[in-house]
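A.B. asks: Sequence:
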Amino acid sequence: MRKINRLFVVLFSFMCFSCSAHKESILRLSCENSNFLLRALNANAEKSEIADTQKSPYLYYGFPEDFSPTDDTALQIQVLTLSQSDFDEKETFYFGFLYKENFKSKNKLNTTISPTNFASGLYSKKCVLSLAVPKNKKPEGFFVYSSVPVRIEKAAFVESKTGWLLQGTPWFGFSEKGGSLKTLLSSFELPRAAVKLSVHLNNAEKTSSRYSTLALNNDVVTIRHAPNQSVVTLYPSVFRSADDAAVFVKRAGEEDCVTGLICEKILPSDTSSPLVPIATDPGMIENWPQNLWRRNDFEVFSWEQFPSILFFDTADYEIQDRLFKRLAFYTEKAGYRGTLPADSVIENQHGYNAHDYRAESLAGFFELARKENFPLNDYENLLCEILTGHGIIVKNADGSITAGQGALVSISRESTTYLRNKFIAHEGLHCLFFIDEDFREKVREVYERTDERSLAFLLRYFTVTSDLNYDLRDTYLIQNEFMAYIMQQPLYEVGEYFTKILATRKTINRTDPDKVEYILETNAEGFVASAKILDEYINKRWGYNAGRVSLVTRKPAK
Numbered sequence: 003m004r005k006i007n008r009l010f011v012v013l014f015s016f017m018c019f020s021c022s023a024h025k026e027s028i029l030r031l032s033c034e035n036s037n038f039l040l041r042a043l044n045a046n047a048e049k050s051e052i053a054d055t056q057k058s059p060y061l062y063y064g065f066p067e068d069f070s071p072t073d074d075t076a077l078q079i080q081v082l083t084l085s086q087s088d089f090d091e092k093e094t095f096y097f098g099f100l101y102k103e104n105f106k107s108k109n110k111l112n113t114t115i116s117p118t119n120f121a122s123g124l125y126s127k128k129c130v131l132s133l134a135v136p137k138n139k140k141p142e143g144f145f146v147y148s149s150v151p152v153r154i155e156k157a158a159f160v161e162s163k164t165g166w167l168l169q170g171t172p173w174f175g176f177s178e179k180g181g182s183l184k185t186l187l188s189s190f191e192l193p194r195a196a197v198k199l200s201v202h203l204n205n206a207e208k209t210s211s212r213y214s215t216l217a218l219n220n221d222v223v224t225i226r227h228a229p230n231q232s233v234v235t236l237y238p239s240v241f242r243s244a245d246d247a248a249v250f251v252k253r254a255g256e257e258d259c260v261t262g263l264i265c266e267k268i269l270p271s272d273t274s275s276p277l278v279p280i281a282t283d284p285g286m287i288e289n290w291p292q293n294l295w296r297r298n299d300f301e302v303f304s305w306e307q308f309p310s311i312l313f314f315d316t317a318d319y320e321i322q323d324r325l326f327k328r329l330a331f332y333t334e335k336a337g338y339r340g341t342l343p344a345d346s347v348i349e350n351q352h353g354y355n356a357h358d359y360r361a362e363s364l365a366g367f368f369e370l371a372r373k374e375n376f377p378l379n380d381y382e383n384l385l386c387e388i389l390t391g392h393g394i395i396v397k398n399a400d401g402s403i404t405a406g407q408g409a410l411v412s413i414s415r416e417s418t419t420y421l422r423n424k425f426i427a428h429e430g431l432h433c434l435f436f437i438d439e440d441f442r443e444k445v446r447e448v449y450e451r452t453d454e455r456s457l458a459f460l461l462r463y464f465t466v467t468s469d470l471n472y473d474l475r476d477t478y479l480i481q482n483e484f485m486a487y488i489m490q491q492p493l494y495e496v497g498e499y500f501t502k503i504l505a506t507r508k509t510i511n512r513t514d515p516d517k518v519e520y521i522l523e524t525n526a527e528g529f530v531a532s533a534k535i536l537d538e539y540i541n542k543r544w545g546y547n548a549g550r551v552s553l554v555t556r557k558p559a560k
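One gets the numbering used here by counting positions in the sequence shown from 1 and adding 2 to each.
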């Protein structure tokens, strides 16, 4: 008997001869909503198992007549090893396609075949292997070689994905190039097409202080493990190299924190329409390449950990104003709350460089515009369409608009990197306050326990600062702003933010020098103490910290 080597597999003539007549395998091939019996091209394939590797270590299957797999699919098989001894990963296993040129006749293979681009290796007693269908070459069957007894339990054509997942029954997806399982676990190339990379994490308890590190092209991506966050999505096209990317997984500590990396294509709707936000972590938004935006003027993201929260990133303040300036006057600006001021009224007034709005405010704005037949601009109408499509506002059968679920954040590329980071934290925390009742209750509790004289300074600052002029009777607004002011920066910066920035503002110094003096004398310790409590809370619940609402950071490789 000839042996298999690394370059080719030899198929034996007596095996092919024995299957010259049409026979069916007990193994069924699933495809979408249908399934078919496979043609058995040797005796082993009839029972879909290799029982005696000395007698024959091969399985050969033919696809049904008139069946042809579609593009962007993969053949996926579930393999069970039949050996009673412990699984040995050193056993040899090959899995690949058969093509027209491999057949002498419909049910008879050539005496010798030299297959290329096959998958090799087994990981455990039971595992699933997927091999992508080559472009421009349609397979007519597939083969399996195994040095250990195995049974093929399932076969199906599925969406083509690359990578691996060790949760449950281990899964391994190979590109059309094939390759070894061992190599796939250490690195694999990502296709040039628009793809997303799902990073599956060990969702064990007390993981918020643990990290996983990936290398994508010339960047190092660090992922913080957070409670209840089992998947983080990355988009390889965001990273700097124009070439295919190789992904390298580095373990954090002794545990295997990454349990899977799965690369799959993005559906066309996900890349062509702003009505479908790009799901990602806030840490990826700040440096998302503008040349990858789907529009030149703005991009829309959804917060992967909180899908009902949207992030709008605009090219400049002018676009941001066209989207959100009137909303700002409607929701917050003194003298204009609850109204829809005309463009001529607001065009020379300052809006905001960052925004946050809850579903109730957004619905109220668009419902008032509907009732008054107010002429919103094109950007505001598009915003209404996006919010409706995402369920943040709801258009009812009678035409009225009511609140759905969620909130939104707006930042701009015209802001500095430092401010963009701070705005993402500040506005992101506001949105968590909007959507999470338990967080609101915790903020209320901390607010009521905060040092009274420190709080008096902040409340006075809110009222005397012309750009703010908050209504102190609105406890929802005040507690939300209190939380964001003390939590928008890291803990070590909280004291200095109040003593070196807020306490130096001319208006508060002119109107309330005694309150300013107290903050300076105490180094704003009252705010620092409150920030520590909320920092511990958001870290325990979501893996965040003061000044950070992201789990993902990226830096250039050294």
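Since the hints were made in silico from the structure, they are not lab data.
One thing to keep in mind: the hints can contain errors.
To be verified - If you anchor each label on the Cβ, the simulated ranges turn out as follows:
(1) 516 x 557: 43 to 53 Å
(2) 86 x 35: 18 to 28 Å
(3) 466 x 420: 20 to 30 Å
Quick caveat: nothing in here was measured; it's all calculated off a predicted structure.
Just so it is clear, CB atoms sit at the ideal spot from N, CA and C, and this is done for glycine as well.
A.B. asks: Could you run down the list of hints and mark each one as holding or not?
C.D. replies: How the hints compare with the structure:
Range check, residue 516 to residue 557: Cβ separation about 45 Å, and the 43 to 53 Å hint holds. Judged by the Cβ atoms, the range 18 to 28 Å given for residue 86 and residue 35 is violated: they are separated by roughly 38 Å. A hinted range of 20 to 30 Å for the beta carbons of residue 466 and residue 420 is consistent with their spacing of about 26 Å.
The structure fails hint 2 only (numbered hints given earlier).
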